[in-house]
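Student: The sequence shown maps to residues 128 to 316 in the working numbering.
Note that these hints are calculated values from the structure, not bench results.
Treat the hints with caution; some may be incorrect.
Heads up, simulated BS3-like pairs for lysine-lysine below, C-alpha to C-alpha not over 25 Å straight-line [stated by the list, open to error]:
id, residue 1, residue 2
1, 240, 173
2, 311, 183
3, 290, 311
4, 290, 240
5, 220, 183
6, 148, 240
Cβ pair distances, simulated, as ranges [claimed, not checked]:
id, residue 1, residue 2, range
7, 176, 312, 33 to 41 Å
8, 295, 203, 18 to 26 Å
9, 295, 173, 32 to 40 Å
10, 142, 274, 38 to 46 Å
11, 252, 193, 35 to 43 Å
12, 264, 198, 18 to 26 Å
13, 178, 298, 18 to 26 Å
14, 275, 189, 16 to 24 Å
15, 274, 168, 42 to 50 Å
16, 276, 162, 32 to 40 Å
17, 256, 276, 33 to 41 Å
18, 298, 193, 21 to 29 Å
Please read all numbers here as calculations on a predicted model, not as lab measurements.
All C-beta atoms, glycine included, are put in the ideal place defined by N, C-alpha and C.
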Amino acid sequence: MLSLLVFISVAFAAAIPAAPKLVPVCTITLQIIGPIQSLYIDNTTKSESILGVVAKGNVTTIENDLGFAVDLSDVSGYDNLILYVDMDYGTTKVDLHGITPNGTDVRISYSGKLLAPGGVSAVLSGEISSPEDYILSNTPIFAVSGTVPDDLVWLQRESLIGKGRFVTQDGDTYVVYTVYVMEKESNSD
128 MLSLLVFISV AFAAAIPAAP KLVPVCTITL QIIGPIQSLY IDNTTKSESI
178 LGVVAKGNVT TIENDLGFAV DLSDVSGYDN LILYVDMDYG TTKVDLHGIT
228 PNGTDVRISY SGKLLAPGGV SAVLSGEISS PEDYILSNTP IFAVSGTVPD
278 DLVWLQRESL IGKGRFVTQD GDTYVVYTVY VMEKESNSD
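Between the sequences and the hints, there should be enough to build the whole structure, so can you do that?
Tutor: Rendered as structure tokens:
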């Protein structure tokens, strides 16, 4: 039985799929307003759950060869972060709503992770400001309320991943994600 498991394990390892091609399709820009509210501090895990309110934001198309486009305004919602201070990372759970130019409501939800070897607090305070010094990622899921317009079908169908950064401008804090579609690599050369 053990030799069968070893064989299967080796066979699966040899069949690791190629990494997908990432095609940038949009940016998500969110402004976090007011003081971030601490919801809970767990001294045993040295973690803190905090809530940030997204007052305004937008989603803007990045021109791409796939022809995918999405533009949303009036994006608002909340960001629930759990920061693990001693382990230099945090998790995020975000729920948002935005409106297309023709008035269609689009919900955006994502989970994400902040990996900050220099310290989560240093990133959030702006002490570490270069996005090369930390990783902020998400996996956004878009859902259209009601009938899905033909030009947004892709938005609900495709697998998306985002790479983000924090930006401070005029005392305001923004989170900006570049969102990519994961496309299967073509084997035709």
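Student: Does the hinted range 21 to 29 Å hold for residue 298 and residue 193 at CB?
Tutor: Between residue 298 and residue 193, where Cβ atoms are some 37 Å apart, the hint is violated.
Student: Taking the CB of residue 295 and the CB of residue 173, does the distance hold inside 32 to 40 Å?
Tutor: Violated: the Cβ-Cβ distance is about 26 Å, outside 32 to 40 Å.
Student: Are the Cα atoms of residue 290 and residue 240 separated by 25 Å or less?
Tutor: 10 Å, holds
Student: Is the distance from the Cβ of residue 264 to the Cβ of residue 198 consistent with 18 to 26 Å?
Tutor: Since residue 264 and residue 198 have Cβ atoms about 23 Å apart, the given range 18 to 26 Å holds.
Student: In this structure, is the beta-carbon distance linking residue 276 and residue 162 contained in 32 to 40 Å?
Tutor: 38 Å, holds
Student: Does the Cβ distance between residue 274 and residue 168 fall inside 42 to 50 Å?
Tutor: 45 Å, holds
Student: So does residue 275 sit 16 to 24 Å from residue 189, Cβ to Cβ?
Tutor: 21 Å, holds
Student: Can the restraint linking residue 220 and residue 183 be considered satisfied, given a maximum Cα separation of 25 Å?
Tutor: Holds, at about 17 Å.
Student: Can you tell me whether the CB distance of residue 295 to residue 203 sits inside 18 to 26 Å?
Tutor: 20 Å, holds
Student: Evaluate the given range 33 to 41 Å for the C-beta pair formed by residue 256 and residue 276.
Tutor: Given about 38 Å between the Cβ atoms, the range holds.
Student: Within 33 to 41 Å: is that where the Cβ-Cβ distance between residue 176 and residue 312 falls?
Tutor: 39 Å, holds
Student: Is it true that residue 178 and residue 298 lie within 18 to 26 Å of each other by Cβ?
Tutor: 20 Å, holds
Hint violations for this structure: numbers 2, 9, 18, all remaining hints satisfied.
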